[in-house]
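Engineer: Protein chains in written order, with UniProt numbering: chain E, 1 to 253; chain D, 1 to 251.
Hints listed in this document are in silico derivations from the structure and should not be mistaken for laboratory results. Mixed in with the good hints, there may be bad ones.
As the list claims (entries may be wrong) - Covered by chain E, per the in silico footprint, the following chain D stretches (three or more residues, Cβ under 8 Å): (1) 143 to 151; (2) 155 to 162; (3) 167 to 177.
What the hints assert, rightly or not - Label pairs and their in silico Cβ distance ranges: (4) D:Ser201 / E:Ala138: 56 to 62 Å; (5) E:Gly85 / D:Leu236: 43 to 49 Å; (6) E:Ser237 / D:Gln142: 46 to 52 Å.
As the list claims (entries may be wrong) - Which chain E residues face chain D? A few, computed with CB under 8 Å, are given here: (7) Asn59; (8) Leu61; (9) Arg87; (10) Arg88; (11) Met92; (12) Phe100; (13) Ile111; (14) Arg115; (15) Val116; (16) Met164.
Remember, it's a predicted structure, so these values are computed and weren't measured experimentally. We put the CB at the ideal spot given by N, CA and C, even for glycine.
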Amino acid sequence: MAGHAATTDTAAISVRGLHKSFGPLAVLKGVDLEVARGEVVCVVGPSGSGKSTLLRCVNLLEEPTAGTVRVAGVEVTHPDCDIDGVRRRIGMVFQSFNLFGHLSVLQNVMIAQRRVLRRPAAVARRIARENLDRVGLAEKADAYPAQLSGGQQQRAAIARSLAMNPELMLFDEPTSALDPELVGEVLAVMRSLADEGMTMMVVTHEMGFAREVADRVAFMDGGAIVESGPPAAVLGSPRQARTREFLHRVLQQ
Amino acid sequence: MAGYLVFAAVLAGVALGADWGRLADAFFRPDIAAELFPEIITVALVNTLLFTGLAFAFGLVLGMALALMRLSSILPYRWFAIGYIELFRGLPSLLVLFMVGFGVPLAFPEAQIVGGVYGAVSFGLGLCAAAYMAETLRAGIQAVPKGQLEAARSLGMSHARAMVSIILPQAFRIVIPPLTNEFIMLTKDTSLAYVLGVTASSIEVTKFAGDALNRTVNATPLVVAGFVYLLITLPLSQLVQRLERRGNRRK
Ligand SMILES: Nc1ncnc2c1ncn2[C@@H]1O[C@H](COP(=O)(O)OP(=O)(O)OP(=O)(O)O)[C@@H](O)[C@H]1O
Ligand SMILES: [Mg+2]
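Whenever a hint applies, use it, and build me the whole structure from the sequences.
Structural biologist: What follows is the structure, encoded as structure tokens:
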């Protein structure tokens with residue numbers, strides 16, 4: 001890797017003084033966040049507070065306006081950073097699944113293994129099947145995305161990320177596009193990932209999941225992290241008035 | 001309703017008043033029609049398909065390059081693509097063929113187009129077709145949801161790899177119907193090939209029929225040529241309709 005400082009710190013993600021504007025609209029206004037290896041951090045907050053933008057700055061799907069982002073010791077905001085090299089170590093799961101529509105489920109899970117990691121077809125196929133099995137989709141390997149339910153599509157998308165052996169996973173509201181009865185199956189897969197020690201940064205509106213699975217919850221509002229700590233503290237007895245208001249609103253629904 | 005009655009009355013008048021014998025003599029004499037075979041198929045139709053196929057292939061490659069330039073973040077590429085598309089959409093194919101066949105050789109006598117008249121015709125028609133195909137392909141690429149590129153990039157694919165493996169295959173499916181229409185248009189445009197001096201072996205359907213017309217002083221060859229074109233274009237336009245119906249159902 002070219003000329004950027006690798007550090008010895010153990011943080012999986014380290015965000016410092018992160019600012020992001022879209023033209024005149026300032027969306028992130030100085031965000032600091034650390035995610036340790038093996039830690040599960042849930043980011044919660046009202047719509048438009050900048051949660052997705054923060055997550056997308058971690059793998060540079062959005063270019064930060066100012067500040068630094070380090071992932072596994074590599075400064076991704078450094079101009080010389082080999083971003084494709086870093087991204088293959090970061091799994092990302094989207095609200096809208098984004099499975100490749102022209103490929104079968106098995107091919108979806110194989111293609112980046114083949115084209116990015118250059119694994120031989122037989123190896124990629126074996127790893128793909130293992131990961132489909134892991135998310136409970138072994139028998140859907142030959143189906144096309146359009147033939148799957150939303151929950152199945154999202155589990156296939158998780159398998160696609162896992163097949164790359166990522167060091168950490170980013171989730172952007174993975175269950176928000178699902179019918180209520182399909183949310184559970186996706187959360188179950190995420191919960192088992194957390195149990196296996198995967199480092200996870202999860203933007204979610206599922207307060208139950210955050211309370212039970214997260215090591216830490218960060219509450220965002222107006223482009224900044226307002227409050228962060230163990231779920232019992234942030235969700236149980238929030239210190240900030242804005243956090244209380246938000247929780248009051250979501251728990252009423 | 002009154003309109004239909006008038007229309008029916010006119011049709012009936014034409015049918016009754018027409019001299020069917022003379023019409024058949026002018027437009028369909030079986031002996032003249034028979035004389036056209038098998039060359040109108042084995043030579044003329046084959047050449048028409050060859051001109052069309054070569055022009056389509058060249059136009060598709062150039063059109064794809066232009067579409068990618070049109071979508072590039074590099075401004076001069078974009079300008080070039082826009083300039084090219086606007087220019088060649090505005091020029092008659094015949095003018096471009098004259099330019100390729102006579103204008104360029106006059107300016108550069110040493111230069112020779114590979115493939116003789118096949119090369120010149122498919123190059124000239126392909127230059128024009130590329131402008132239309134570029135716009136079609138651009139629209140197809142833009143119709144692939146943005147999330148597909150983001151998912152591909154987040155797996156570590158480079159932009160080029162994501163384009164080749166993820167975006168373009170899906171874009172192509174979207175543009176198959178309009179590209180088939182483009183193929184039909186090109187088939188008809190190959191009738192202009194004669195201006196570059198096709199020979200007995202490179203003759204295509206329209207020139208073949210025109211020569212026969214001069215020889216026989218009868219319109220039968222034109223009618224037969226028309227049916228030969230329909231042989232190509234009707235199945236294709238049926239295919240487009242089927243694909244479009246299927247596309248609509250999938251949405
Ligand atoms: N590409 C973009 N261009 C312009 N504005 C953007 C862009 N992406 C996000 N925004 C704006 O940035 C703000 C924060 O968006 P973001 O998606 O990060 O919010 P969020 O907290 O994820 O909200 P939600 O819960 O609705 O997903 C919003 O006002 C949004 O309109
Ligand atoms: Mg969001």
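Engineer: None of the hints should be skipped; say for each whether it holds.
Structural biologist: Outcome of the hint check:
Chain E is given as covering the segment 143 to 151 of chain D, and this holds because 5 residues of the stretch bring a CB closer than 8 Å to a CB of that chain, at least three being needed. For the segment 155 to 162 of chain D, the stated coverage by chain E holds: 5 residues have a C-beta nearer than 8 Å to a C-beta of that chain, and at least 3 were required. Coverage of a stretch by a chain is defined here by at least three residues with a beta carbon nearer than 8 Å to that chain's beta carbons; for the segment 167 to 177 of chain D and chain E the count is 3, and the condition holds. In this structure, Ser201 of chain D and Ala138 of chain E meet the distance hint of 56 to 62 Å, their C-beta atoms being roughly 60 Å apart.
Taking 43 to 49 Å as the suggested C-beta distance range, the pair Gly85 of chain E and Leu236 of chain D conforms, at roughly 46 Å. The hinted range of 46 to 52 Å is satisfied by Ser237 of chain E and Gln142 of chain D, whose Cβ atoms lie roughly 50 Å apart. For the restraint placing Asn59 of chain E at the interface with chain D, the shortest Cβ-Cβ distance is roughly 6 Å, inside the 8 Å limit, so the hint holds. Annotation: interface hint on Leu61 of chain E holds; nearest CB of chain D at approximately 6 Å, less than 8 Å.
At its closest, the beta carbon of Arg87 of chain E sits 5 Å from a beta carbon of chain D; the interface hint therefore holds under the 8 Å criterion. A distance limit of 8 Å between C-beta atoms decides the matter here; for Arg88 of chain E the minimum to chain D is near 3 Å, and the interface restraint holds. Because the smallest distance between the Cβ of Met92 of chain E and any Cβ of chain D comes to about 4 Å, under 8 Å, the interface hint for this residue holds. Proximity of Phe100 of chain E to chain D holds as hinted, the smallest CB-CB distance being about 6 Å (cut-off 8 Å).
With 8 Å as the threshold, the beta carbon of Ile111 of chain E comes within range of chain D, its nearest partner Cβ sitting at about 6 Å, so the hint holds. Annotation: interface hint on Arg115 of chain E holds; nearest CB of chain D at approximately 6 Å, less than 8 Å. The closest approach between the C-beta of Val116 of chain E and any C-beta of chain D is roughly 4 Å, which is under the 8 Å cut-off, so the hint is satisfied. At its closest, the beta carbon of Met164 of chain E sits 6 Å from a beta carbon of chain D; the interface hint therefore holds under the 8 Å criterion.
Hint violations for this structure: none, all hints satisfied.
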